[in-house]
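Colleague: All chains, please: the whole structure from these sequences, using the hints.
Residue numbers (the working numbering), protein chains in the order written: chain A, 517 to 655; chain B, 517 to 655; chain C, 517 to 655; chain D, 517 to 655.
There could be a bad hint or two in this list.
[To be verified] Listed next, with one range per pair, are the computed distances between beta-carbon atoms:
id	chain 1	residue 1	chain 2	residue 2	range
1	B	Ser605	D	Pro633	39 to 49 Å
2	D	Glu593	C	Ala519	40 to 50 Å
3	B	Arg587	C	Ala519	46 to 56 Å
4	A	Met635	B	Ile638	43 to 53 Å
5	A	Arg614	B	Arg520	22 to 32 Å
6	C	Thr525	B	Ala564	22 to 32 Å
[Said to hold, decoys possible] Selected chain B positions facing chain A (in silico; Cβ < 8 Å):
id	residue
7	Asp536
8	Gln537
9	His542
10	Ser544
11	Pro585
12	Phe592
13	Ile626
14	Cys628
15	Trp640
[As the list claims (entries may be wrong)] Which bits of chain B does chain C cover? Going by a derived footprint, with three or more residues having C-beta under 8 Å, they are:
id	segment
16	527-535
17	545-558
Since the hints were made in silico from the structure, they are not lab data. The C-beta atom is built at its ideal place from N, Cα and C for all residues, glycine as well.
Number of protein chains: 4
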Amino acid sequence: MSARLSRNTIRRRVNFYEVDQAAIVHFSNFYRYMEEAEHAFWRAAGLALSDGGALGFPRVAAAFEFHAPLRFDDEFEAELLIAAIGRSSLRYTCRITRDGTPIATGTMTIVCVDVGPPMRAIPWPAAFVDRIEAAQLTA
Amino acid sequence: MSARLSRNTIRRRVNFYEVDQAAIVHFSNFYRYMEEAEHAFWRAAGLALSDGGALGFPRVAAAFEFHAPLRFDDEFEAELLIAAIGRSSLRYTCRITRDGTPIATGTMTIVCVDVGPPMRAIPWPAAFVDRIEAAQLTA
Amino acid sequence: MSARLSRNTIRRRVNFYEVDQAAIVHFSNFYRYMEEAEHAFWRAAGLALSDGGALGFPRVAAAFEFHAPLRFDDEFEAELLIAAIGRSSLRYTCRITRDGTPIATGTMTIVCVDVGPPMRAIPWPAAFVDRIEAAQLTA
Amino acid sequence: MSARLSRNTIRRRVNFYEVDQAAIVHFSNFYRYMEEAEHAFWRAAGLALSDGGALGFPRVAAAFEFHAPLRFDDEFEAELLIAAIGRSSLRYTCRITRDGTPIATGTMTIVCVDVGPPMRAIPWPAAFVDRIEAAQLTA
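Modeller: Now the structure itself:
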């Protein structure tokens with residue numbers, strides 16, 4: 517039986533249209549990078565977060581602290597970790613780095629819902645929680 | 517009976533996140549401005565282009581020629597005109613100006629479809645074509 | 517002498533291109549709305565946050581909690597308040613509402629810098645801090 | 517001596533935030549895909565299109581025809597070809613496909629400028645035109 521997934525890393529390059537007139541990645545794009553890492557995580561776990569079916573995963577909170585800028589053409593890594601698994605919620609941590617230099621650290625909390633109507637929170641289906649586990653976080 | 521609409525103008529300001537590291541509006545955002553003007557046109561005609569129902573209006577072509585740059589905080593106008601009305605298609609012209617200075621000129625062709633499945637082109641419903649007419653275009 | 521500004525509200529409509537396939541505003545756009553409210557705040561205070569000069573205002577943290585969805589064409593308000601003023605930093609609170617219904621609550625911390633190089637934090641110029649004051653926040 | 521480059525292809529996946537409420541890639545993002553392919557082309561030619569120096573490459577026209585939709589998580593290819601090289605301009609063709617199915621066909625014209633001020637069109641530097649040639653286009 518395959519191991520449960522607790523973290524996954526994507527690597528990609530900054531696109532020109534993601535950079536603002538201060539010549540750095542506009543801060544709003546970091547939330548998009550975190551979402552790219554999130555979908556890649558679930559794909560690596562053998563699941564699809566958006567199947568167009570009865571399940572939805574709305575975000576209830578998302579935050580970033582910015583340590584250093586990212587510039588056009590920079591290659592960076594976005595590591596997504598499972599920080600905590602609740603009954604119907606999940607909290608991620610996202611670490612964005614460039615060649616090991618910390619760039620930004622994010623967190624995001626999502627909830628598993630039956631999209632309804634009415635939309636309502638439901639416990640994580642076994643198909644999801646059986647594939648993942650919380651990461652061992654170190655300082 | 518109210519007049520048919522052939523043109524409509526929106527006025528707005530360039531947002532910081534729409535500007536790239538050359539300190540000008542990234543060209544991809546002009547297509548979004550044209551779409552904003554499009555929805556404002558239909559709203560002014562008393563109709564909604566996106567009702568979440570059986571009708572859809574996919575884009576089949578969109579183009580812009582860029583004459584002069586637009587910068588952060590600039591106020592500009594986007595005028596949308598009906599260039600031609602076909603049986604199930606429609607062609608717009610969009611003129612973006614800043615204080616009368618031509619900034620960009622766009623065109624966009626959309627098709628009226630029954631979203632299906634299968635999706636298929638259908639004639640414009642009377643509710644739409646009865647509210648609009650082609651604009652008298654001048655050089 | 518004119519009063520110091522502690523809060524300012526913008527009102528605008530959700531654009532089609534800001535909505536995702538769950539038919540709600542993509543969460544990354546709320547950070548852009550907060551930035552729009554930020555620039556409108558400084559404009560209302562008679563100042564420009566981006567003058568292309570020696571001063572810069574990088575973001576060091578930004579967060580949102582999402583209470584309810586916003587949909588295409590919804591009109592909403594984004595109120596920006598000064599939560600705290602530090603020697604070279606500033607913390608905003610942003611309240612996004614639709615007809616009084618809480619949609620999302622954000623916070624953002626920025627730092628005043630001399631863009632250099634090297635970039636370094638500097639005390640807020642008097643021109644800025646003389647025009648603003650922290651808002652009286654109520655629950 | 518290495519061959520001149522006339523075409524280059526990138527492969528990537530549709531991100532969730534690029535899809536609209538019709539569950540298809542928002543048409544404005546195709547212009548961003550074309551730009552990604554453009555920067556990848558120049559990188560493959562051993563050059564950087566944005567060096568932050570005296571040269572700039574503003575877009576004077578960009579167009580797309582849309583043949584079929586692209587959906588979340590779809591993998592697609594964007595092939596960029598040099599359609600024509602002028603004294604100070606350049607025209608690209610961009611073919612977006614998914615598993616060989618034509619999705620969209622774009623064109624874009626850029627101009628080589630000295631960013632000034634004043635900004636003015638200049639002949640392509642040898643470092644650029646010595647590395648590229650027009651592609652043999654077939655129907």
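Colleague: Hint by hint, note whether the structure agrees.
Modeller: Now for the hints, and whether the structure bears them out:
Range check, Ser605/B to Pro633/D: about 43 Å between beta-carbon atoms, so the 39 to 49 Å window is met. Checked against the hint of 40 to 50 Å, the C-beta distance between Glu593/D and Ala519/C comes to roughly 58 Å, which is inconsistent with it. Distance hint for Arg587/B and Ala519/C: a CB-CB separation of about 31 Å, inconsistent with the stated range 46 to 56 Å. Taking 43 to 53 Å as the suggested C-beta distance range, the pair Met635/A and Ile638/B does not conform, at roughly 32 Å.
Checked against the hint of 22 to 32 Å, the pair Arg614/A and Arg520/B fails, with Cβ atoms roughly 56 Å apart. Between Thr525/C and Ala564/B the beta carbons are some 26 Å apart, a value that agrees with the proposed interval 22 to 32 Å. Checking Asp536/B against chain A: minimum C-beta separation of about 6 Å stays under 8 Å; hint holds. Annotation: Gln537/B was flagged as interfacial toward chain A, and the flag holds, the nearest CB pair being 4 Å apart, inside 8 Å.
Annotation: interface hint on His542/B holds; nearest CB of chain A at approximately 5 Å, less than 8 Å. The interface hint given for Ser544/B is met, as the beta carbon of that residue sits about 6 Å from the closest beta carbon of chain A, less than 8 Å. With 8 Å as the threshold, the beta carbon of Pro585/B stays out of range of chain A, its nearest partner Cβ sitting at about 12 Å, so the hint is violated. With a least beta-carbon distance of about 17 Å to chain A, the hint placing Phe592/B at the interface is violated under the 8 Å criterion.
Look at Ile626/B: its Cβ only gets to about 24 Å from chain A, farther than 8 Å, so that hint breaks. The beta carbon of Cys628/B is not positioned within 8 Å of any beta carbon in chain A (closest approach about 24 Å), and the interface hint is therefore violated. Nearest Cβ of chain A to the Cβ of Trp640/B: about 29 Å, over the 8 Å cut. The hint is violated. Residues of the segment 527-535 of chain B with a Cβ under 8 Å from some Cβ of chain C number 3, which satisfies the need for three, so the listed coverage holds.
As drawn, the segment 545-558 of chain B meets chain C at 4 residues by the rule of a beta-carbon pair under 8 Å; at three or more, the given contact holds.
Hints 2, 3, 4, 5, 11, 12, 13, 14 and 15 from the earlier list are contradicted by this structure; the remaining hints agree with it.
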